[in-house]
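Novice: Spelled out from the first residue to the last, the chains are:
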Amino acid sequence: MADPAVLAPTPGAAAGAAAPGRIPLLLDAREISIHFGGVAALKGVSLSMVPGEAVGLVGPNGAGKTTLFNCLCGQLRPSGGTVSFDGQPIGDLPAHVRARLGIRRTFQRVEVFPEMSVRDHMIVAERARRGDGALWKDLLNKGKPHRDELEHVEEVLQLVGLTDLAEVPVAALSLGHCRLVELGRALAGRPRLLMADEPSSGLDISETAALAGVLRKAQREQGMAVLLVEHDMAMVASAVDRVVVLDVGSIIAEGPFDTVVADPEVRRAYLGRTA
Amino acid sequence: MSTFLSYGIPGIPYGCDFALMAVGLVLTFRATGVFNLAYGAQAFAAAFVFDLLVRSAHLPVAVGFVLAVLVMSPALGLAFDRFLFRHIPTASTTAKLVSSVGLLIAIPLLIPIIFGNTPRLNPPYLLFNPDHVYFHLYTTPVNGGELSTTVITVAVVAVVMSVFRWTSIGLQMRAVVESRRMSQLEGISSPSVAAGAWALSSTLAGLAGVLLLPLQAQLIPTDPFQFTSLLVAGLTAAAIASMRSLPVALIAAVGLGIVENLIKGFLPSGGLLAQAVNPAFPFVVLMGTLLLNPGLRSLDANKDPLAGCDPPLAPPSVTIRDRRLEKPTRVGFWVLVVAFLVSSVTWVPGLWVTTLNEGLTLSIVFLSITLMTGMSGQISLCQATFAGVGAFTAGQLAAHMGLPTLVGAVVGGLLAAAVGTVIAIVAVRISGLLLGLVTLSFALFADQLLFQYTWSGGGLTGVAVPRPVVGPVDFASDRSFLLLAFGALVLCMVLVLLVQRGTVGRYLAAMRGSPIAAASLGIGLTSARLTVFAMSAGIAGFGGALYGAALAPAPVPATNFNYVISLVWMVAVITLGSRTVEGAVQAGMGFALFATLLTYLPTRFSGIEPILFAFGSVTYAAHPEGILEYQKSRWMHRVNRLLSAYDQRRGRDADLGTGEPADPVAPAALEVLPAASLSTGEGFGG
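The listed protein sequences derive, respectively, from chains S and X. Residues in the first sequence are numbered consecutively from 450, following my numbering. Residues in the second sequence are numbered consecutively from 41, following my numbering.
Simulated from the structure, these hints should not be mistaken for laboratory data. A hint or two may mislead.
Claimed, not checked - As a list, the in silico DSBU-like pairs of lysine-lysine whose alpha-carbon atoms are at most 35 Å apart:
#1 K593(S) with K666(S)
#2 K367(X) with K591(S)
#3 K666(S) with K591(S)
#4 K367(X) with K593(S)
#5 K367(X) with K586(S)
Hey, can you work out the whole structure from these sequences and the hints?
Specialist: Shown next, in the form of structure tokens:
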């Protein structure tokens, strides 16, 4: 059962979940299709989100959740459909340009930079957000971290609870900490849309609870929209405003969590029969 | 039609030779996961031993064949497996490539050391007499050499394909390449299967070498890379087959042989078009295939589902140094620097000052490898080519326009940077092994074509790069040039360090760690790669120009910058440590000093230096941080343990007085200590 306190609209959401048409859409993906060989991984999937909204994207393995993530982030080019972000078509933009617009993500299989410290992860994310990277600045010794940058990084480290491990190379951390590093790195880029791909994968119950807490806190404090792919239904229930269910590349249900989980079509997709 | 056939048919046996190389490369890659650049070297070794047994030991051809191809070649393959590749089963494809580069350099250079330098003329043949025409095909005579090559190649490829496709051992080989660890969990003896695959592929290499003998007028031990054209053609056919399909590799190789012969036949010999097209054709096809064949894009993909079991990379030794050691280290460093400079300009003998000049300028070139491989994780096998561009530009500008050498060196660096940028743009979508092969093909193209002209590489004599003159200061003497070279090295080191510690360095580290995650943060991988390629090529070009000046007044020939030199330089840096600027300096100085030391040995051992570095490079997969860096980390841990024991003793003494520990440790630090110590390499591999 969802936590009522968590389900209450966040300040940024402004009841967006209830009436998305009245607020300008942050993300508007329409009729997304993609084929891998002869297999249709996504078949005309449409998904829209308003600023500050938290949406859960669920479905059985192979439903197309991560593929949809990759299409929205720009890591895959769909064969059909359009994607807009904040009113701007982004379908032709590469992944790193979409990231600079404010779309950040975490990965189902942890993707960290093993040789870098936790703090460096955050600094890289912050600099990439600003589009820094001119060689001449480095050559003039202007590449050192500066104060406001470090202050922001410190805030993020506190938010994800990694302050004590800031200088540790990520290769030395546990999976749970690496998940937090990924989340912190995404948050350090001040996202307007955070896409978390199975963040609890490989974590135990307490680690999952801690991660969910960080996610909720971050959304509350930063007011960003969250698109969460997750198999842990308790986490989904506690973290999102509404749920979209994918099965075999198509959306089969969407709405509030309790309504969706009671949907016979959803139960059939998960359990293989009508419960 | 008959003209067409008369040109095309003689290309078939050449194509069959290419096919043996291509099929061997594909087979080795599919059966062992290693892109074995040493394949040509194995062929050379078998051919040499076969020739030695038949013509010097006067053994029958059949006995020589059995000993060279069926005994020595598989033994060599088993030795590769037993002493190298078995110990690095989970290393990346790129790391294994570096190890095979080491072998490619070492094996042919060992031959003259073992068997002497005398060229071996009129090598023996196998099966059919190459001087006898057995029949005519559309009026084209087919001799015994062509016949034996074609017959044996087709038969061998058919047998290998059958084994690979339809037998249990073939299935096991494919499984082991996908994941050694997963195969073992399924009950397959992965080490035995991999050893068998190495023996099989090495036997094929030996066969290719022996079959090629009649086509080589002589085997020259001091030119062990005479199989280069075979390597290029074999690489091309293997690339056309996407490193997967044996029949496609065979057909592509034969097709290449035929097309090459047709071009040679139809283009008027001695004409401008023939001079341009004939030598460039194989490289254009190779580079085009590497860049355009989408089937090659997944060569580097790590498909091992158990890859997560791999231990993390070791952190740089400097990060685990106890803080109390920082001041003594800094003081010691500056004492060494001052002692080096004072000694060099006062009492060091002239020969050794020349050597130090070479070492300092080579260190600048080697910094480009630090930037490219150490910082960005990219493999470039054409750094010597970039250095050559810089050296020849500076020399030609000085000779023809009277431009000062230092200005010429900067222009050479900029030109090399431009060339590097073009390569980076062309190869923007590829990385790892494929990028290594593209840069290797560019290096081969420069060796065979670009640097052969008098306006570029100065033809056979080379180009002289005069010693610089800056205003009233003439750097003509070795001792004064040493100061200039030292200053230039420090400048380049500072530039590389600034980049390493700045935003671009962080981006490169991120890109090396996870390209997909880096892109998801907003890091433009394309611009990062263009930046690193341009800067790396620019530093190599600048360093190359100064290296040329260090050798003045002697002209520097194009052979000083050929693809073998690129490979040797890369393995030298990688062996000693490519992730730090001091690694580049240690490699540069070590390379030059070692070369001078070896002049005191008999000339027979002149090739031993690259061999030692090459054998060192095979440790790259086990210690990607470099041997010196690895040893420094080990010593750092020992010193830290000593300091820790000292602290504990002091702590116990203090406890007796105060009851409190001397140096409390944060709980969070304690939590990560076991993993951190694992990440430094303690406890495995060494």
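Novice: If a hint holds in the structure, say so; if it doesn't, say that too.
Specialist: These are the hints, each one checked on the structure:
no.	hint	result
1	K593(S) with K666(S)	holds (30 Å)
2	K367(X) with K591(S)	holds (26 Å)
3	K666(S) with K591(S)	holds (34 Å)
4	K367(X) with K593(S)	holds (22 Å)
5	K367(X) with K586(S)	holds (29 Å)
Taken one by one, the earlier hints all hold for this structure without exception.
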